[in-house]
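Undergrad: Residue numbers (numbering that gives the first Met the number 0), protein chains in the order written: chain G, 0 to 318; chain R, 0 to 319.
No lab work stands behind these hints, which were simulated from the structure alone. Any given hint might turn out to be false.
Have a look at the derived ranges for each label pair, beta carbon to beta carbon [claimed, not checked]: (1) R:S178 x G:P159: 38 to 46 Å; (2) G:R196 x R:E305: 42 to 50 Å; (3) R:V184 x G:P44: 51 to 59 Å; (4) G:F260 x R:M3: 53 to 61 Å; (5) G:R315 x R:H311: 35 to 43 Å.
Quick reminder that beta carbons are idealized off the backbone N, C-alpha and C, glycines included.
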Amino acid sequence: MVQAINRALAEALAEDPAVILLGEDIGAAGGPFGATRGLQQRFGPDRVRDTPISEAAIMGAAVGAALTGLRPVAEIMFMDFVTLAMDALVNQAAKARFMFGGQRGVPLVLRTPHGGGLSAGPQHSQCLEAWLCHVPGLKVVCPATPADAYALLRSAIADPDPVVVVENKALYAMKGEVPDAPEPIPIGRARIVRPGRDATIVAYGAAVHWATDAASLLAAEGIEAEVLDLRSLQPWDEAAVLESLSRTHRLVVAHEAVEAFGVGAEIAARMADAGFDELDGPILRVGAPFTPVPFARELEAAYRPDAARIAAAVRRTLD
Amino acid sequence: MTRMADPLALLRTMLLIREAEMALARLFADGEVPGFIHLSVGQEAVAAGVCSALGPQDSVASTHRGHGHAIARGVALDGFFAEVLGRASGVCGGRGGSMHVADLNRGMLGANGIVGAGAPIALGAALAHRIRGTGGVAVAFFGDGALAEGALHESLNLAAIWRLPLLLVCENNGWAEFSRSDTQVAATLSAWSAAYGVPHAEVDGNDAAAVAAAAAEAVEALRRGEGPRVLEARTHRWRGHFEGDPQRYRDAEDAARAAGHDPIARSRAALLAAGVAESALHAAEAEARDAVAAAIAGARAAPAAEWADARHGAYAPAES
Ligand SMILES: Cc1ncc(C[n+]2csc(CCOP(=O)(O)OP(=O)(O)O)c2C)c(N)n1
Ligand SMILES: [Mg+2]
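Could you put together the complete structure from these sequences and hints?
TA: This is how it looks when you write it as structure tokens:
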């Protein structure tokens, strides 16, 4: 997936002189996860810019640069550190188009990795995307495959409004085909990963893969679960979820983030309304428990949602 | 050679700001201004002087006390008053109000409701000017209270290591909301600038000509690519932190002393001493009064802001 991200950044830099990259150790060092490897050599230190450890200024500068004719792509090393950039993101980037009466948008991208599985502990593993989905003016996407990581990042950079691209750390090493001439993926469009008629599992990021594993487990029991990858969280593809639900009549929403007050809660609430007549069982959520992400392998394994828990939720909604 | 600002033009700008803000004070007291407003009465010389050093390509990030910056930057008075009164014809369609007046085509990146937030935004504008090769510079205005905000330190550090064309202008009025700022900030701005290796100049913020000269000198250095500058203007906040502030924390003497430093009276006296006819000054005053009265009349007559226009304003319209 890292190579797909690298390719998207390289192509955007090559196509549009207004695109610049900003972040800690993204230049000569190639980025903490290697996503920007080789880009500074190719596009120069002006456009691929190493910053000091100043998340508030990185994000604020991205806002000012975006209002002054550039298309900055900022990287924040771990999503946990977005706390330090929240003012620029929430009070400035998200507000400018609206509060300045539509004079101009803020075409910036924030790339930031979330997720556990690496024993990175409570301050380097969080999935905080629901915070950002809650802010009018921001868009949020979260790819589950290299092809989607490429295409969604291209769409994010081309977008006239601020887009947060949440990348799952555990998926950086994932291998997968990116076509030579990939189809653009519009922000806000979900994808059916695996069709099925008995229940719909909506997921994003790493949870998409747990959901497909769950679908395989269930298939062995004669249950055909459909897996829908949201890809975009804000805006999210309500029509696609409703369409699937109206075929399967059962809905489970799965994500790595804490279950309470999460993206799944929003989807469940909307479908309990718009999909009320279609539902033949309770809408169930599968997410992390309401604690910080623990460090020790055994603890983190117990903490993270997985295929077994998703499969159990599907069985329960079919009960 | 440093370009000299026209002293009469500086006075005109200050008169316009004073007239506009005193009118806002009256409108606020009469309940015509929604929300709350922070006036810069007594501080006009800083806005007028600094903006006199800027060209149309330059960028300005302002503060919660930003009316003067907007007016000095040339934001049209009609759109300004309509915005502060929440009308559809406001520069921001009535969606922002006093604390968010922005005019991006004039490089006015907005007043800001968040203390210290303008500095990183101006930093980014300076970066964009550098990368795009516009020749432009960026200015961040901030108050002495904002010196306690981390974003300001991060921005000065970054501007210094990247040698960006950023002018940080501190409007030091001694107050951070209801507290003396010297009880809140351990280091002086000059020591602080020195620590980052950034040249710092202090100027009498009640002397528009002095501010203009100091700003022009700094802006020229920025345009020569010499890296960021800090300009600290000592000034006085005549009124409360916000309109309607009972100022229980401030003794009457302090407020009276503040009003003893009037940048407009000072500029007026200097012009008279230099041989400018009193009638020319009266004409400038009348002009400011008329312009403000016309803008207020226009704003009052303008239609109210419409929710239907604002409802989908958070994002660019979908391409069809
Ligand atoms: C981040 C943030 N904290 C607190 C406030 C509330 N507040 C508004 S203005 C102000 C004082 C600012 O003082 P200074 O920067 O000196 O500006 P002045 O009001 O003197 O012009 C405070 C505390 C705010 N708007 N933003
Ligand atoms: Mg102050």
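Undergrad: A separate judgement is required for each hint: does it hold in the structure or not?
TA: Status of the hints after comparison with the structure:
| no. | hint | result |
| --- | --- | --- |
| 1 | R:S178 x G:P159: 38 to 46 Å | holds, 41 Å |
| 2 | G:R196 x R:E305: 42 to 50 Å | holds, 47 Å |
| 3 | R:V184 x G:P44: 51 to 59 Å | violated, 34 Å |
| 4 | G:F260 x R:M3: 53 to 61 Å | holds, 60 Å |
| 5 | G:R315 x R:H311: 35 to 43 Å | holds, 39 Å |
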